[in-house]
Amino acid sequence: MNIQSVLELIGTFVFAMSGALAVGEKGQEHDWFGASFIGFVTAIGGGSLRDVLLGSYPLVWVQDVRLLYIILAGIVCAGLFYPFVIKLRRTFQLFDTLGIALFTIVGTEKAIRLGFSAEVAVIMGMFSAVMGGVLRDMLTNEIPVLFRKEIYASACMAGAILYLVLYDLGLERNTTFLASVIFIIVIRLLALKYNLSLPKFGRHPKQL
Amino acid sequence: MNIQSVLELIGTFVFAMSGALAVGEKGQEHDWFGASFIGFVTAIGGGSLRDVLLGSYPLVWVQDVRLLYIILAGIVCAGLFYPFVIKLRRTFQLFDTLGIALFTIVGTEKAIRLGFSAEVAVIMGMFSAVMGGVLRDMLTNEIPVLFRKEIYASACMAGAILYLVLYDLGLERNTTFLASVIFIIVIRLLALKYNLSLPKFGRHPKQL
Amino acid sequence: MNIQSVLELIGTFVFAMSGALAVGEKGQEHDWFGASFIGFVTAIGGGSLRDVLLGSYPLVWVQDVRLLYIILAGIVCAGLFYPFVIKLRRTFQLFDTLGIALFTIVGTEKAIRLGFSAEVAVIMGMFSAVMGGVLRDMLTNEIPVLFRKEIYASACMAGAILYLVLYDLGLERNTTFLASVIFIIVIRLLALKYNLSLPKFGRHPKQL
Chain A
1 MNIQSVLELI GTFVFAMSGA LAVGEKGQEH DWFGASFIGF VTAIGGGSLR
51 DVLLGSYPLV WVQDVRLLYI ILAGIVCAGL FYPFVIKLRR TFQLFDTLGI
101 ALFTIVGTEK AIRLGFSAEV AVIMGMFSAV MGGVLRDMLT NEIPVLFRKE
151 IYASACMAGA ILYLVLYDLG LERNTTFLAS VIFIIVIRLL ALKYNLSLPK
201 FGRHPKQL
Chain B
1 MNIQSVLELI GTFVFAMSGA LAVGEKGQEH DWFGASFIGF VTAIGGGSLR
51 DVLLGSYPLV WVQDVRLLYI ILAGIVCAGL FYPFVIKLRR TFQLFDTLGI
101 ALFTIVGTEK AIRLGFSAEV AVIMGMFSAV MGGVLRDMLT NEIPVLFRKE
151 IYASACMAGA ILYLVLYDLG LERNTTFLAS VIFIIVIRLL ALKYNLSLPK
201 FGRHPKQL
Chain C
1 MNIQSVLELI GTFVFAMSGA LAVGEKGQEH DWFGASFIGF VTAIGGGSLR
51 DVLLGSYPLV WVQDVRLLYI ILAGIVCAGL FYPFVIKLRR TFQLFDTLGI
101 ALFTIVGTEK AIRLGFSAEV AVIMGMFSAV MGGVLRDMLT NEIPVLFRKE
151 IYASACMAGA ILYLVLYDLG LERNTTFLAS VIFIIVIRLL ALKYNLSLPK
201 FGRHPKQL
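Quick note, the sequences are listed as chains A, B and C, same order. When we follow the UniProt record's numbering, the leftmost residue of the first sequence carries the number 1, and every step to the right adds one. When we follow the UniProt record's numbering, the leftmost residue of the second sequence carries the number 1, and every step to the right adds one. When we follow the UniProt record's numbering, the leftmost residue of the third sequence carries the number 1, and every step to the right adds one.
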């Protein structure tokens, strides 16, 4: 079992948690089946979209059934953690940040290994990370997380580009992987802490 | 023409009806093209998602153009039935229940026949049944049906599991198919009649 | 570089513009990354869905990275045009109309060339054209454009059918292509100008 598999498992676990927790965080009421469904879609949505767009079959979770049990474990953990999460609102954001960082680099790496271009690899890395959450938000009628104000998908894109640069420089693979993941986490946490955001689109310079 | 094809045709027909009827049921106004579009997406959405996730090409309706005419017939029927549906609100739910029951087992069986695992077959059966309706609800800006209170996707999952158990026990295939379909219909109708629901997720036991 | 590639590039460019402009047109605030993301999804969404449903890999933009730079150019143009767009509300609709007309015929032609049936080709042409916009509207929590009152997807379907009729009649290919594109543009612009719409679905004749 290589490091990519392990990190994909961890990412899947925290995404399943974040998906199920999102239900509570948003003040909506779902039964446990609905919460599990959302946890499942959050966990597999981004990677599935990536694989479908690349035509890379079978999908990761279709081939490796362990992922389904990891997701189930994540959902159960989310249910157990739930009373604490109400008090510790940041827990959800931390899990989500870890999830997007891991999934970005796992997705970027997969696209590169399959022989796709750097541009496609960056997009696929970003999609792997954010599209599960976008589906979660669309299913719960929320405005997708990547259009709210903090830096989110852009942090993933920056990390994917860093990965490709380090990869081109010929750095050792695990170092490359780890550095890119940490880079995304740091950008995202700084953006959350200092409420950083990108300039608005189409705002006339004089209006600023 | 085998029984699976016949049941897929019937399921497609009732799903197309339920999709087009949903427009009226929800008090929204669509032109007939928009209603047909929603009927079409409702009818083919779940099965298409299943086949795309499995990488099973060509999709059923791409290969078998008759399905498109069945969908058209379902939409025309929905238009003709429309004045009665306003009075008979349950008609919509009955068609929808028949549709999800048939599609669950058709989808589960297809995944098993293609050699996928039992876990994947259960998910694909459930997706075949509910994802058309989820797409319908997303297109019409509704909260997806599977997150409203009654037992819905969970009934499909229970039926898919029953199918796999009976299949493993070696029962005759048509019996297995029919028993699982009826099982889903019964659970769903009981849930509607007695307003049954599953426990809420994350509710602290002491809060109950 | 054949005519289909050129028209696909133009269609992609105007769709990227329309996607990014939609953000402003709808009075929502997005940062430039979010606007770019929506422009990108609008531009590639319909064609990607078509190719995924047909199982035609690799996807156009995955294979031809130039499309990504065309999209980027479209988004930058949209940003530059932005102050004018506020005054010229119709600009958005013109770009969108050009985009759906080109994408409908490009999509219809592709499906026919790949050997699919006429019915499937019409649906795929229509999906190529409108599904990018549907995804854009779902991401921004809007009611999808094709369910608002003017003739929209139905114009695309009419154009796709015209293409197939002219194609069957054996007309020269570029003439067929151009005539069908212009047909869609004319229908759509007439519908906008005279506020044309199709009959409502399910309205009892006596109610009219």
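No lab work stands behind these hints: they were computed from the structure. Accuracy of the hints is not assured; some may be wrong.
Note that identical chains are pooled: a pair holds if it fits in a single copy or bridges any two copies.
[Stated by the list, open to error] Once the Cα atoms are required to be at most 20 Å apart in a straight line, the calculated SDA-like pairs of lysine to any residue come out as:
#1 Lys193 to Gln93
#2 Lys200 to Leu80
#3 Lys193 to Phe92
#4 Lys200 to Phe84
Note that this is a predicted model, so its numbers are computed, not measured.
Hints, verified against the model:
no.: 1; hint: Lys193 to Gln93; in the structure: within (11 Å within a copy, 40 Å between copies)
no.: 2; hint: Lys200 to Leu80; in the structure: between (40 Å within a copy, 13 Å between copies)
no.: 3; hint: Lys193 to Phe92; in the structure: within (14 Å within a copy, 37 Å between copies)
no.: 4; hint: Lys200 to Phe84; in the structure: between (35 Å within a copy, 17 Å between copies)
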